[in-house]
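Given chain G, put chain B with the ligand in place with the hints provided.
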Amino acid sequence: MSRRRNVQQEGLEGPPPEERKRPIGRRNSQGIRIDPEVEAEPEPRRTTISAYVENEPGVLARVSGLFHRRQFNIESLTVGPTQNEGYSRITLVVEEPDPGIDQIQKQLEKLIPVIHVRELDRNPVARELIILKVDGEEPDKVQAITDMYDGEALDAGPETVTVQITGSEEKIDDAIDAFKQFNIREIARTGQAALARGAEETARVEERHT
Amino acid sequence: MSGERTRKVQNAETASDATGIENGADAVVRALENAGVKHLFGIQGGAIMPVYDAIYDSEMNHITMAHEQGAVHAADAYGIVTGEPGVCMATSGPGATNLVTGIADANMDSDPLVALTGQVPTDVVGNDAFQETDAVGITSPVTKANTFADDPDSVGTDVGTAFALAKHGRQGPTLVDLPKDVTKGETETDPGGPTLPETYDSPEAADPDAVSGAAATIRKAERPVILAGGGVIKAEASDELRAFAMEHEIPVVTTMPGTGSFPEDHELSMEIVGMHGTGYANMAITVTDCLLAVGTRFDDRLTGGVETFAPDAEVIHIDIDPAEVSKNIEADHPLIGDAKAVLDQLADAMTGSPSTGAWLEQCETWKEEYSMEYAAPEDEPVKPQYVVERFDEATPEDTIVTAGVGQHQMWAWQYWTWTQPRTWVTSHGLGAMGYGLPGAIGAKLAAPDREVVCFDGDGSFLMTCQELSVAVREDLDITVVVLNNEAIGMVRQWQDVFFGQRHMASDYPWIPEFDTLAEAFGARGFRIDTDEEVEGVIEEALAYDGPSVVDVHIDPGEKVYPMVPGGGDNGLFALTEEQL
Ligand SMILES: Cc1ncc(C[n+]2csc(CCOP(=O)(O)OP(=O)(O)O)c2C)c(N)n1
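Residue numbers (UniProt numbering), protein chains in the order written: chain G, 1 to 210; chain B, 1 to 580.
Keep in mind that the hints were calculated from the coordinates and are not lab data.
Hints should not be assumed to be uniformly reliable.
Said to hold, decoys possible - Partial selection, computed: residues in chain G whose CB lies under 8 Å from chain B:
no.: 1; residue: V7
no.: 2; residue: R27
no.: 3; residue: G100
no.: 4; residue: D102
no.: 5; residue: I115
no.: 6; residue: R118
Every residue gets a Cβ at the ideal spot worked out from N, C-alpha and C, and that includes glycine.
Bound-form chain G, shown alone:
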């Protein structure tokens, strides 16, 4: 059906924007309906996500590529094999508002080699390891601080002492502060590895994926 009309009109016609029926509500930048009077944007929070994956070449590139291209804010990522040959566990610490945390899990689930993804509850069993190299001028004091954090000296020489500390993220942060007095020369920090607490499973894995 032709909408051509033999009348002269300047472009399309109809009531202009200011005369139109308008909605009353509003959404926030995440597309969530909100009270238009209070501009509520969801606050980011920090959480741990665990992914059980097939250990195929490129799986880590796929995961990190996903985080990059979807602009998810990632704090740390660790990966290592599990007791099941051919499968690895990736532990991610992320900081995002709730919708972002939801998206991260759903997008990870879509990657073919990813078998199961879940957010661990607020109190998982989580540890990270740090190796610190500091000046060796005061070895006794370095040892004392290392002991305070239940750490271990791994290497000591005339110029440097290298120690390891294991623990929660906060403990590691504290330890770094404490070692600053010895002039930290280098740090290698693993990022968090985590499992769900108690008998709860970290990943729901079927028999065939073990």
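The following block gives chain B with the ligand in isolation, referenced to the frame of chain G:
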């Protein structure tokens, strides 16, 4: 060409008796045959030659395209029209990289597509060998799945899996990278039919409780709207959608990929929505109190700014991909599953219909107030809207329309009356200029008995017009209509509106005469300047049994309206430049 196929007999003697497969390349070809593939689109080169050699003995029809971008768009369009993955192939390096645009397009639009790329032999992979590129790495962000085949015994199943993944669940493009030593390597293994990886599952039916909740919401709605996305077409759910809308008298708007899922000649149709959607569709979606969204990813060209998108609506979102639900617009009722199955569930769960009488009246009023009527020119050049309408009237209902990207694409979308799914074939999400002609070639091979019309822009056509050589060689009866404004018009329109009419690099006064260009390729060329020429040329071009190009010279100042500026409020769509 039958004389050249003597090798077939020789091969039958040397091939393994049990399977007829000698090497990885044979297994690749067998996997494609087992998947029911009929057409392949590609260009060969060193690394993929073993596969081409194996195709020599196959019944499958290989269409040599002029450029790999042509191959991938043709395969994509083939996939859109048939619902079965289209298959394209290219050699390593530049062949593979030339496919990337089309793969990204298929990924955006969830089109079923399988790309096969040759790769340098595994012993030199990583050494920057001649024509080596990391095809898997490059295409990871734009494929549903991709894989590097590393074993002749499993290369056939790799291809079968790629085919199954492209087709099932949320459709999308997959790629298999085929190193030359793997395709040349010995194997006798028949890969069997396409099989999904065992880790893959895709939801069928939605949670019944969520369905009841959604049904109750629809039942009590005062201003419900159905938003039909491309997923409706992908799930073959157009009939279910139509039945639901009619049963409960709910108006329907369609996204660009969802166009055709609901007939626009039906009174419940509010037609198309979003940036260049109709005023009435954008009114309806802005003030609705209940939005039933089916198979859509709430792209920003649909929503405008999310803050003002359907802000009074409880949203029911049916989608096969959980990641699309509440990604851009929060779903109050997430219904994760196949659109066809879930629409059935929802229909069963409805205990009555909403009372939409007053709402439908309001919608009718908007249709009149914001009608898409345009004025006939007095002495101006011919109107593109008119050309689209006349082609629509001159062709059958099931005509397939392809398009490039720009104003011409929007006029085609707005002024064609869409009544059937799988008839609107273009680059929606990626917006890749150059899609139109190769898309028409793929569509014609997918539906040889149907009319195929491509609306192109002069800029878009110039990107892939070399594919005319293919249309001529394959004797494809397609009609390319270049809505020629001697400009990359959509960009020019934005410059007029947002950049103070500074036409930087958007005028194309040096473009060739497309009718003459068509003739140089061996196609028929036509030209239209005035209103009076339209009827006659359309008749002649459609009657011509082969590819034809109609060069329609339109006013470069012609604009696309309505328009919602990027990130804007759909309800405040502009009807004229002054309203922007
Ligand atoms: C490959 C590609 N490059 C650039 C663009 C940006 N772009 C969008 S529309 C447009 C103009 C298209 O011109 P034409 O094909 O002549 O169509 P018209 O708008 O004039 O109808 C351009 C350059 C694009 N969409 N795709």
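- R118 of chain G as chain B interface residue, shortest Cβ-Cβ below 8 Å: violated (14 Å)
- Task: Grab the minimum C-beta distance from G100 of chain G to chain B and call the hint holds if it beats 8 Å, violated otherwise.
- Result: Check failed: Cβ of G100 of chain G comes no nearer than 10 Å to chain B, outside 8 Å.
- Message: Is the interface hint satisfied for I115 of chain G? The criterion is a beta-carbon contact with chain B at less than 8 Å.
- Response: holds (6 Å)
- Message: Hint D102 of chain G vs chain B: min CB-CB distance below 8 Å?
- Response: Interface hint status for D102 of chain G: holds (7 Å vs cutoff 8 Å).
- Holds or violated: is there a CB of chain B closer than 8 Å to the CB of V7 of chain G? holds (6 Å)
- Message: Can you verify the interface hint for R27 of chain G: is its Cβ closer than 8 Å to any Cβ in chain B?
- Response: holds (5 Å)
Of the numbered hints given earlier, the model fails hints 3 and 6; all others are met.
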